[in-house]
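Top line first, the protein sequences correspond to chains A and B. Under my numbering, think of the first position of the first sequence as 1070, with each following residue one higher. Under my numbering, think of the first position of the second sequence as 5, with each following residue one higher.
Keep in mind the hints are simulated off the structure, nothing from the lab. Treat the hints with care, as some may be off.
[As the list claims (entries may be wrong)] In silico DSSO-like links for lysine-lysine, alpha-carbon gap of 30 Å or less:
1. A/1148 with B/154
2. B/145 with A/1087
3. B/145 with B/106
4. B/151 with A/1148
5. A/1147 with B/151
6. B/145 with A/1102
7. A/1147 with B/75
8. B/75 with A/1143
9. B/154 with A/1147
10. B/106 with A/1147
11. A/1148 with B/106
12. A/1087 with B/148
13. B/148 with A/1143
14. A/1143 with A/1087
15. B/106 with A/1107
16. B/106 with B/148
17. B/148 with A/1102
18. A/1136 with B/154
19. A/1148 with B/148
20. A/1087 with B/151
21. B/99 with A/1147
Note that the structure is predicted; figures quoted are calculated from it, not measured.
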Amino acid sequence: MSTIRMRISPAGDVLDVKALIRHPMESGNREDKSTGEKIPADFIQKLMVSVNGENVMDGNLSEAVSKNPYLNIKVPGKKGDEVTIAWTSNTGESDEATQAA
Amino acid sequence: MQTKRRVFLKGSLAASAAGLAVGAGLLTPRAVLAAAADWPEAAFDSEGMETAMDELFGAHEAADSGDVSVKAPDIAENGAVVPVTVESGIADADKIAIFVSKNPTPLVASFDLSGANPFVSTRIRMGETDNVTGVVHAGGKLYKASKEVKVTIGGCGG
Chain A
1070 MSTIRMRISP AGDVLDVKAL IRHPMESGNR EDKSTGEKIP ADFIQKLMVS VNGENVMDGN
1130 LSEAVSKNPY LNIKVPGKKG DEVTIAWTSN TGESDEATQA A
Chain B
5 MQTKRRVFLK GSLAASAAGL AVGAGLLTPR AVLAAAADWP EAAFDSEGME TAMDELFGAH
65 EAADSGDVSV KAPDIAENGA VVPVTVESGI ADADKIAIFV SKNPTPLVAS FDLSGANPFV
125 STRIRMGETD NVTGVVHAGG KLYKASKEVK VTIGGCGG
């Protein structure tokens, strides 16, 4: 199951995109209380947004973005256009989802 | 890219997409190499807001602007989840960044716009009561606006 959930509302020539990504966004500052060891950093760094394959926004995130990142953006497009959101993390993991408006 | 710190590799680790070996477990968080080549690591690592802006934009002089709006709650009970919206009415805005000056590394996120509207709403972590600053890059200049958020419980440590 994808880690990315999207809700897209077309309004004229703009698509209001609300995305929720399931990710721990570990800062690397937290300790595992049972072992006392630091939990290694694991957070999304790049967030790429495209409409019909055209890149419209590149996000650069840090560990100061909350767990399970929420993002609301407004991109050019109309009903039926396909919005793709892809992310990669500092650990090299990635995911991608595409949804029609 | 190289790190002068000693890097312990734990177990066998696959190379990341960028072809860089990434250690796990024993690395200090900042020693982990960026998986994405163009992630502005130096800006995110900067411990002062001016340095972070210099690294990200090549300048830190930003004019206070009524055309930049930062929306955030007056009081955030939980610093781990603070909703923030940065919006700009400035034409040709090509970059938006969110800073929290007292966080250990002030740059929270930056967004390169290549068609998307200058509007970003997300949720961020704040260590203590502080200003959230939205910076917009447009036409080679920087514009900013800030909003103070009182944080009851900080959201950076554990």
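A quick look at each hint next to the structure:
1. A/1148 with B/154: The given pair, whose Cα atoms are some 40 Å apart, is violated under the 30 Å limit.
2. B/145 with A/1087: Distance of about 29 Å is within 30 Å: holds.
3. B/145 with B/106: At roughly 24 Å apart (the allowed maximum being 30 Å), residue 106 of chain B and residue 145 of chain B satisfy the hint.
4. B/151 with A/1148: violated, 35 Å
5. A/1147 with B/151: violated, 33 Å
6. B/145 with A/1102: violated, 46 Å
7. A/1147 with B/75: With a Cα-Cα distance of about 27 Å, the restraint between residue 1147 of chain A and residue 75 of chain B holds, given a limit of 30 Å.
8. B/75 with A/1143: holds, 16 Å
9. B/154 with A/1147: Status violated; Cα separation ~39 Å.
10. B/106 with A/1147: Given that 30 Å is the threshold and the Cα spacing comes to 40 Å, the pair is violated.
11. A/1148 with B/106: violated, 42 Å
12. A/1087 with B/148: OK: residue 1087 of chain A and residue 148 of chain B at ~24 Å, within 30 Å.
13. B/148 with A/1143: holds, 20 Å
14. A/1143 with A/1087: holds, 9 Å
15. B/106 with A/1107: The given pair, whose Cα atoms are some 22 Å apart, holds under the 30 Å limit.
16. B/106 with B/148: holds, 17 Å
17. B/148 with A/1102: violated, 40 Å
18. A/1136 with B/154: holds, 20 Å
19. A/1148 with B/148: violated, 33 Å
20. A/1087 with B/151: Holds, at about 23 Å.
21. B/99 with A/1147: holds, 23 Å
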